[in-house]
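J.: Next come the chains, spelled out residue by residue.
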Amino acid sequence: MKLRRDVFQAIADPTRRGIISLVALQALTPTAIAENFDYSRQTISKHIQILTECELLEQEQNGREIYYHLNPKGMKDIADFIEPFRNLWDDRFDKLETLMKKHQSKS
Amino acid sequence: MEHKTKIIAEEGKQELLITREFDLPVESLFTAYKDKELFEKWMGTNLLQFEFKEYGNYHFETRSPKGDLMFSGKGAFHTYIPNEMIVRTFEMDVFSLPPQLEFLNFKALTGETSKLTMHIIFKSPEIRDELLKKPFAIGLDMAHNRLENILRKIN
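Read top to bottom, the protein sequences are chains W and D. For the record, in the first sequence the residue sitting at position 81 is 81 according to my numbering, with numbers rising by one throughout. For the record, in the second sequence the residue sitting at position 115 is 115 according to my numbering, with numbers rising by one throughout.
It should be emphasised that the hints constitute simulated quantities derived from the structure, not laboratory data. Source: prediction; values computed, not measured. Idealized CB from N, CA, C, for every residue including glycine. Treat the hints with caution; some may be incorrect.
[Stated by the list, open to error] One side of the interface only, derived from the structure: several residues of chain W facing chain D at Cβ under 7 Å: (1) 17; (2) 81; (3) 82; (4) 85; (5) 89; (6) 90; (7) 93; (8) 95; (9) 96; (10) 97; (11) 99; (12) 100; (13) 102; (14) 104.
[To be verified] Have a look at the derived ranges for each label pair, beta carbon to beta carbon: (15) W/88 <-> D/67: 19 to 27 Å; (16) W/92 <-> D/10: 20 to 28 Å; (17) D/119 <-> W/87: 14 to 22 Å.
One chain only, chain W, in its complex shape:
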């Protein structure tokens, strides 16, 4: 069984962020992805593997070639991490607004 890796750890690496930006534009083969970097094909394959395990990339067989494209669901998971943080501030600011409205009417 493969370990489900941490999505945030996956996107913390600049090369992996580069790969995400590339495949966001169009589905690419591992060779085409590797051509954009100065790293060995093996290094890039490793990065692709990590991104796939985190479900940020998806494989697609097209003839004899494997293409990688972005998994919108995985990218949404990243956005969802921010939701609890946003809710925390939204709640605090709602309290601030209610409190200050009362405070204003008193003074």
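Given the coordinates of chain W, assemble chain D onto it according to the supplied hints.
T.: The following block gives chain D in isolation, referenced to the frame of chain W:
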């Protein structure tokens, strides 16, 4: 439903932008930040120290009804212009994350509405993402604690 609070966290950047529009005059919004009692109320915390002046310190902590420390933070005000801006540092010692620098901008939209922009700078993009994940982690912790309490009652 659209949230009134917006968070901009660009990938790979060590900064964060929080914006919110209030149904309050800018003076009132600023007062919520400079008044000790009001700040305690809306933040739902206890201020042990609050010196709203240049290089003044602040320190707050939140405890559970049982008295366990849930959250604690401290920092210093660096400078401020009434109803315009506050520059302060902030450090959440419970999480052992490095301090962050916060630029708070207060802007009147109309006589009765205002906008707050919090620009937060972190030590690194990784630290920023760590912090963003905290409320998520706290949520999980709290769910876990509730579960633990229920189990304790059953046994």
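J.: Can you list which hints this structure breaks, lowest number first?
T.: The structure conflicts with hint 13 only, although it agrees with all the remaining ones.
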